[in-house]
Amino acid sequence: MSAIQLQLFREQTQSGLTYQHLHIQINTQDGLIVPADLKNLFLPEEMVWSQGVVIEGKAPIWLYAYLVHACHPAAWVACFDPRLGEPTPQSGGAVVIATHTREVALGEVLKVNLPAAIFRKTTGT
Amino acid sequence: MNTITLQKQVELQVTELKTEMGIYQTLAINLVMFRELIKTDVLAQIKLPDELDLSREVILDGQAPTWLYANLVERCWQAPWIGCHAAKEKLIVVIQTRISTISIGDAIPVLLNRTPCPAILIGGSPDSGKSVLSNALRFNLMKTGAVGRVFVHRASWDGEGNWAYEGANRDLVKKLIVENEFRLHEHPETAKLIPNFFKYHSSAVQNLREVVDLVLVDVGGKPQTEKAPLVEQCTHYIIISKESDAIPKWHELCHPNLQPLAVIRSVRQKREEVLQKQPFLEIIDGRWREGEIQSVPDILLENVLTVLHA
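Just so you know, the protein sequences line up as chains E and X, in that order.
For what it's worth, full-length UniProt numbering labels the leading residue of the first sequence as 1, then goes sequentially.
For what it's worth, full-length UniProt numbering labels the leading residue of the second sequence as 1, then goes sequentially.
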């Protein structure tokens with residue numbers, strides 16, 4: 001298994017906008033990764049570039065930077081921030097950092113719910 | 001909020017980083033309003049400095065929310081290559097390239113050679129308030145204006161970060177911490193993993209000490225001997241413990257190379273009592289609850305500030 005796993009989920013924002021949720025999962029035993037792990041890292045083949053992407057997961061800033069650049073063709077790109085959501089257990093804000101569409105604006109905070117599937121430990125799945 | 005105020009939240013400066021491969025153009029990010037999460041509206045207002053040359057490489061450097069960093073990556077997309085300064089590893093990590101001599105995932109060693117700043121180890125028994133104290137100290141030290149960059153390095157395998165103390169959604173914070181922890185002490189290969197883990201964190205503290213003005217090192221809840229390489233990279237220590245029996249073991253771990261700054265006997269009640277000031281500060285204090293950025297006792301803050309002038 002590669003050190004970095006990317007999972008893609010089809011989701012909707014709380015206001016009903018369809019998007020793709022790109023979850024970063026670090027698979028090493030100690031949670032540490034090295035720059036060379038980027039060399040064999042590819043976005044999921046099922047990416048739909050006509051839609052927006054929310055990138056989420058605990059990872060070094062350089063991994064986010066790589067993914068943001070790789071996702072440039074998407075309609076828009078946002079980064080999840082757990083500090084910006086509603087007071088429900090899976091709600092957070094996705095900050096739009098790039099956009100090619102009028103659907104969303106740069107700096108806009110999209111209210112999103114984290115996909116249930118990413119909670120493997122707290123739900124026992 | 002008007003444009004000027006928004007722009008005042010973030011300062012972008014063109015500097016340079018010296019590396020083993022040459023000197024590289026660097027875009028340094030400085031958050032002016034460190035006291036709170038900056039407003040996301042700032043993304044629409046940010047302008048790259050006029051002197052940033054996008055026909056050259058761009059290295060991004062500094063502490064900032066992921067989404068601000070990500071936006072700057074987007075704004076620099078036309079540069080021949082982009083790297084991020086990974087301060088803990090003392091490396092530049094290449095994240096995009098249009099030239100044949102540099103590849104994505106390349107790591108370029110950075111040459112700093114600055115005088116290392118002080119590093120304060122923060123130890124104590126589990127659930128005594130180490131992480132809350134670390135974050136509160138960072139916040140209050142920077143608020144004094146007496147110190148530039150304070151970095152909290154968490155040398156433990158739990159899933160916490162500064163974000164965990166800045167969000168109102170406590171349920172989500174708790175879930176994310178659990179999801180992102182790597183419980184090495186329960187792993188079948190724990191005997192191999194734990195020493196390597198602390199060697200990595202020892203190196204990280206050593207590197208951070210050349211980048212910032214003060215490093216606070218949260219070392220987790222047990223004074224194991226495996227932490228010796230990490231201890232060696234620190235200069236001072238603070239013990240915060242709700243268990244009196246645990247305090248001598250922490251002194252033992254840090255003695256004689258680290259200078260004791262304070263012992264905080266952590267209690268659940270709201271209480272603040274000074275037990276001694278010499279040879280190190282010893283207090284009883286009960287303010288270390290999760291979920292909000294706390295104040296720290298003035299006497300402790302003054303005590304910590306002394307290390308900057310030693």
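Since the hints were derived computationally from the structure, they do not count as laboratory data.
It is possible that some hints are incorrect.
To give a feel for the contact side, a few chain X residues facing chain E, derived at Cβ under 10 Å [said to hold, decoys possible]:
1) Trp67
2) Arg75
3) Tyr200
Using 27 Å as the maximum straight-line C-alpha spacing, the simulated DSSO-like pairs for lysine-lysine come out as follows [to be verified]:
4) E:Lys39 <-> X:Lys242
5) X:Lys39 <-> X:Lys18
6) E:Lys58 <-> X:Lys249
7) X:Lys47 <-> X:Lys174
8) E:Lys39 <-> X:Lys174
9) X:Lys192 <-> X:Lys222
10) X:Lys90 <-> X:Lys192
11) X:Lys90 <-> E:Lys58
12) X:Lys242 <-> E:Lys58
13) X:Lys90 <-> X:Lys174
14) X:Lys270 <-> E:Lys58
15) X:Lys18 <-> X:Lys47
For every residue, glycine included, the Cβ atom is placed at its ideal position computed from N, Cα and C.
Structure-based check of all given hints:
{"no.": "1", "hint": "Trp67", "result": "holds (4 Å)"}
{"no.": "2", "hint": "Arg75", "result": "holds (9 Å)"}
{"no.": "3", "hint": "Tyr200", "result": "holds (6 Å)"}
{"no.": "4", "hint": "E:Lys39 <-> X:Lys242", "result": "violated (46 Å)"}
{"no.": "5", "hint": "X:Lys39 <-> X:Lys18", "result": "violated (32 Å)"}
{"no.": "6", "hint": "E:Lys58 <-> X:Lys249", "result": "violated (33 Å)"}
{"no.": "7", "hint": "X:Lys47 <-> X:Lys174", "result": "violated (36 Å)"}
{"no.": "8", "hint": "E:Lys39 <-> X:Lys174", "result": "violated (33 Å)"}
{"no.": "9", "hint": "X:Lys192 <-> X:Lys222", "result": "holds (18 Å)"}
{"no.": "10", "hint": "X:Lys90 <-> X:Lys192", "result": "holds (24 Å)"}
{"no.": "11", "hint": "X:Lys90 <-> E:Lys58", "result": "holds (20 Å)"}
{"no.": "12", "hint": "X:Lys242 <-> E:Lys58", "result": "violated (30 Å)"}
{"no.": "13", "hint": "X:Lys90 <-> X:Lys174", "result": "violated (31 Å)"}
{"no.": "14", "hint": "X:Lys270 <-> E:Lys58", "result": "violated (34 Å)"}
{"no.": "15", "hint": "X:Lys18 <-> X:Lys47", "result": "holds (25 Å)"}
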